[in-house]
Structures are given as structure tokens and as C-alpha cells.
Amino acid sequence: MPIRAVTRARARSLGLRAFPPLALLAVLAALCLGLLACGQSGDRSGDSRQTAPKPNLVSADLPALETRVFGPGPVRVVNFWATWCQPCVEELPDLVALAAPGADYQVIGISLDLAVPGGQEAIEPRVRSFLEQRGIFYDNYLYTGSLPALLDRFDLPGSIPYTLILSPEGEIRWRHEGRTTRERIAAGLAEVPGANSGAL
Amino acid sequence: MFGVHPNRFAPLITLSSFALALLFTTAAADQETAKDPPKEAAKDPAAAAAKDPAAAAAAERPEMAIGTQAPPLSLPGADGKTYTWENYKDAKAVVVVFTCLSCPVAKAYEERLVALGRDYASKGVKMVAIMSNDVTIKPDDATQKLKARSEEKKYPFVYLVDSTQEVAKAYGAKVTPHVYIFGPDRKLVYRGRLDDNPDPTKVTTHDAQSALDAIVAGKPIQTAETRAFGCSIKWKKESAS
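For the protein sequence lines, the chains are A and B, in the order given.
In case it helps, my numbering puts the first sequence at residues 1 to 200.
In case it helps, my numbering puts the second sequence at residues 1 to 241.
Please note that a few of the clues may not be correct.
[Unchecked claim] Derived SDA-like pairs (lysine to any residue); straight-line CA-CA distance at most 20 Å:
id, chain 1, residue 1, chain 2, residue 2
1, B, K138, A, E121
2, B, K202, A, T181
3, B, K202, A, Q120
4, B, K107, A, I123
5, B, K107, A, G118
6, B, K202, A, P117
7, B, K237, A, T181
8, B, K138, A, V89
9, B, K107, A, T83
10, B, K237, A, E177
11, B, K187, B, A217
12, B, K202, A, T144
13, B, K202, A, S59
14, B, K107, A, Q120
15, B, K107, A, W84
16, B, K138, A, V116
17, B, K236, A, V116
18, B, K107, A, A122
19, B, K107, A, S59
20, B, K202, A, E121
21, B, K138, A, W84
Hints were generated in silico from the structure; no laboratory data involved.
Small disclaimer: the values here were computed from a predicted structure and weren't measured.
Between the sequences and the hints, there should be enough to build the whole structure, so can you do that?
Put into C-alpha cells, the structure is as follows:
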């Protein structure tokens with residue numbers, strides 16, 4: 001029997017067609033890439049709890065916020081939000097994008113999730129897992145104090161989201177009521193001296 | 001297996017393999033982004049791009065000033081009837097509250113609103129709720145749901161449906177709940193929050209109630225303005241003024 005016929009017969013018996021080397025390489029490459037890609041997304045979900053940073057959520061009353069957020073320091077973008085506030089949640093990816101490492105400014109979130117009844121014990125872990133699920137790792141404070149006091153202190157209109165930019169002296173230099181975007185905040189940052197960053 | 005003869009399917013197989021590789025990587029990428037913003041954001045990326053002019057306009061609109069004469073009112077109720085100031089003409093005071101069913105803060109205040117409406121009805125105070133949210137953004141605030149909830153909880157007030165959002169704009173209302181109290185001559189005498197804490201166990205000042213007590217007693221209101229807090233009113237995306 002000629003070699004050709006033998007090969008084909010063998011291939012047929014194995015249930016395979018004759019593959020040229022290039023095509024086989026392509027299939028192998030596809031498999032590798034596929035496994036790699038799936039592996040990557042898999043890492044981000046469950047397996048990498050040891051390696052992924054934990055969301056930085058700290059509870060704070062008004063005096064604590066005064067010291068930790070509104071004192072002297074780097075230029076800060078301060079965003080008031082809550083998990084139950086739809087426009088707040090929608091703009092979070094913009095803030096995450098802005099919180100690039102190596103920037104000269106800081107992004108800080110202040111969650112008003114405790115404004116709604118439920119108790120800190122029940123609400124705090126929910127906010128924490130919300131942050132973790134969305135990969136929000138910039139500093140976040142869970143506000144535990146009086147709402148009216150907070151609104152009065154920072155002249156907030158009472159609706160969130162609300163975003164401030166603070167100067168290095170801790171003074172409010174820029175405000176935005178309602179949902180905003182990375183570009184708009186970046187434009188605000190450009191107005192505040194000391195906020196030079198290539199990440200804009 | 002490694003035949004040296006050109007297989008006529010070879011180009012197709014090569015192409016398919018690369019296509020498969022592409023599919024794997026993009027599918028994995030989709031998985032990651034699907035974890036990010038909630039579905040509502042994915043539905044309306046254009047709004048983000050347009051930088052939400054409706055919200056920007058709402059932010060600039062001032063709240064109705066104390067002393068302002070109540071603008072004309074004519075809105076359909078969730079019960080199907082039309083309501084005007086005529087329905088409230090004999091009231092000593094009218095409490096207008098912009099509220100809704102979808103907002104957790106408004107939900108936290110629901111019982112208190114019902115209690116206030118009930119307790120002060122015999123004192124000549126009438127209450128009316130206005131729902132101004134865009135129901136395409138908040139389907140939980142659809143008229144049928146307002147009607148059902150009103151009946152279920154036996155609201156001592158009617159829920160009016162402000163579908164054009166003109167009333168909310170006229171009042172400069174920003175959040176739910178947002179309270180506006182009009183005196184006997186239908187001039188604004190109080191505006192802002194119902195009390196100082198959405199948590200009913202932590203309230204220290206009952207601001208709206210204090211205002212009503214003053215009106216009923218014929219005394220001046222001590223605190224006429226407070227900052228309302230709650231969920232922003234869901235403005236229609238198209239309106240920019």
C-alpha cells in the first residue's frame with residue numbers, strides 16, 4: 001500500500017484529518033491563550049484572595065474625617081457616595097481610573113451608607129464586599145457621625161454623589177454636585193496647584 | 001499525522017484557531033468588565049459621555065425661597081383623580097413632600113410621614129406627596145406601584161405624579177424626601193428635611209413637626225430652613241433646563 005494511503009487510513013481510523021504543522025501550532029496557541037486568559041480572570045475572582053489588596057474601608061466620625069481627610073496633605077479628590085445611590089455607583093469606575101498609582105493627588109471616598117437604618121454591623125461588611133467586588137482600593141471612610149453636622153460642615157446640598165477637590169492646605173477648591181466624570185475631575189485638578197500628574 | 005501533503009482545510013483551520021484564541025481572550029475580558037459597573041451603567045453610556053446636563057441643571061436650580069407663594073398645582077393622583085390647590089383650600093397648612101418608593105432614605109421616612117399626616121389631620125394640616133422621578137430610570141416608582149403602596153399602607157395623603165418634572169423644578173426640589181410646608185395663605189414657611197436622622201431611633205430634632213406645631217399655634221417658626229438629605233431626584237436625561 002502506498003504511504004499516502006496508509007497515513008490517510010490511519011488518520012481516518014484515529015478519527016483525525018491530516019493536519020499541517022502550522023495549523024496544529026495555531027490550535028495549540030489558541031488553547032494556550034485561552035487557558036491563560038481564563039486563568040487571569042479566574043485569579044481576579046476567587047483564588048487570589050491572598051494576593052489582591054483588600055479594600056481600604058475605615059469607619060470615621062466627623063472629627064476623624066477632619067483630621068484624616070481635611071487636614072494638610074496631598075491634593076485630594078474627595079467623593080461622597082453610597083452603595084444605594086445609583087449615580088454614585090455609576091461614576092465609581094471614573095474614580096477608580098483616576099486613582100492611578102504614582103499620581104500626585106489622592107482619591108478618597110466617604111461612604112454615607114450608614115445614613116440609612118440597618119446598623120453598622122450589618123452595613124459595614126456589605127460596603128466592604130461591594131468595594132472588593134469592584135476593585136475599589138483607594139482609601140474609603142464609612143461615615144458614622146451626624147449627617148446634618150456633615151452637611152453643614154462642608155456645605156453639602158444633601159444629595160450624593162458630591163465631589164470635592166482639596167488643596168494641600170486642606171481647603172476646598174473645587175466642588176461638583178451630582179454625577180461627574182474622570183475628565184471633569186481632571187479639569188478641576190488642573191485648577192488646583194500641586195496636582196501635577198501624568199495620570200490625567 | 002504530520003502529513004506533508006497540503007491539506008486544503010489548513011488555512012481554514014489556522015484561521016479558526018486564531019479566531020478561537022481571540023474569542024477566549026475577549027470572553028475573559030468581558031468577564032472582568034461584567035464585574036465592574038452595575039447593569040444600569042452599561043445601559044446608558046451615552047449619559048456619562050453627555051456629562052448628565054439634567055443633573056447639572058438641577059444642581060444650579062435654587063430651592064424655593066421662604067415666603068414664596070405656592071405656584072399653581074394641577075397633577076394627576078395615583079388614584080386617577082386630578083388634584084389642585086382647591087382640594088386643600090381649607091387647610092391651615094399643607095405639607096408637600098417630594099418622595100418616592102425606590103429611595104432607601106425615602107423608605108426609611110415612610111412611616112414617619114404617614115404618622116405625621118395622620119396625627120396632624122385633626123389639626124387642620126393636609127399632606128400631599130409628589131413623585132417626580134423618571135420612571136424609566138426607577139420603574140419601582142411607576143404609578144401603579146404608588147397606588148398599591150398607598151392602599152397597602154393606608155396613606156393619609158395622595159401621591160401625585162409629576163411626570164414632566166415641572167413641579168419639582170418649580171420648587172427646586174433636589175432629593176427624596178424633600179419637604180415644603182405652606183401656611184394658611186399658601187406661602188412657603190418651611191423647607192428641607194422631615195427630621196435630622198433617617199434612622200428613626202436617632203432623631204434629635206423633629207424639624208417639620210416643630211414647624212407645624214408653630215403654624216397650628218399661630219407662633220413664628222424657629223427654624224424655617226434645613227438641609228434635606230436623600231436620593232437625588234431622577235431627572236429625565238433629555239431635559240437640560
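Now the hints, each set against the structure:
Distance hint between B:K138 and A:E121 is unfulfilled; the C-alpha atoms sit about 29 Å from each other, more than 20 Å. The suggested pairing of B:K202 with A:T181 is violated, with an alpha-carbon distance near 35 Å, which exceeds 20 Å. Between B:K202 and A:Q120 the alpha-carbon distance is near 14 Å, which keeps this suggested pair within the 20 Å criterion. A distance of roughly 17 Å separates the Cα atoms of B:K107 and A:I123; the hinted pair therefore holds under the 20 Å criterion.
In summary, the hint linking B:K107 to A:G118 is supported, as the alpha carbons are separated by about 12 Å, within the 20 Å threshold. Taking the CA atoms of B:K202 and A:P117, the gap is near 10 Å; set against the 20 Å cutoff, the hint holds. Only pairs whose Cα atoms come within 20 Å are accepted, and B:K237 paired with A:T181 is accepted, the gap being roughly 16 Å. Straight-line distance between C-alpha atoms of B:K138 and A:V89 comes to about 15 Å, which keeps the hinted pair within the 20 Å bound.
Restraint check for B:K107 and A:T83: satisfied, since their Cα atoms lie roughly 16 Å apart, inside the 20 Å limit. Between B:K237 and A:E177 the CA atoms are separated by roughly 16 Å; this keeps the pair inside 20 Å, and the hint holds. Of the supplied pair hints, the one linking B:K187 and B:A217 holds, its CA atoms being roughly 17 Å apart against a limit of 20 Å. In summary, the hint linking B:K202 to A:T144 is supported, as the alpha carbons are separated by about 12 Å, within the 20 Å threshold.
Taking the CA atoms of B:K202 and A:S59, the gap is about 18 Å. The hint holds against a cut of 20 Å. Taking the CA atoms of B:K107 and A:Q120, the gap is near 18 Å; set against the 20 Å cutoff, the hint holds. Between B:K107 and A:W84 the CA atoms are separated by roughly 12 Å; this keeps the pair inside 20 Å, and the hint holds. At most 20 Å may separate the alpha-carbon atoms for a hinted pair to count; B:K138 and A:V116 meet this at roughly 19 Å.
Note on B:K236 and A:V116: the hinted pairing is violated, with a Cα-Cα distance of about 25 Å set against a maximum of 20 Å. This hinted pair checks out: B:K107 and A:A122 have alpha carbons roughly 18 Å apart, not beyond 20 Å. Straight-line distance between C-alpha atoms of B:K107 and A:S59 comes to about 24 Å, which puts the hinted pair past the 20 Å bound. Between B:K202 and A:E121, the direct Cα distance comes to roughly 16 Å. Compliance with the 20 Å bound is thereby established for this hinted pair.
A threshold of 20 Å between alpha carbons decides the hint, and for B:K138 with A:W84 the separation of about 13 Å falls inside it, so the pair holds.
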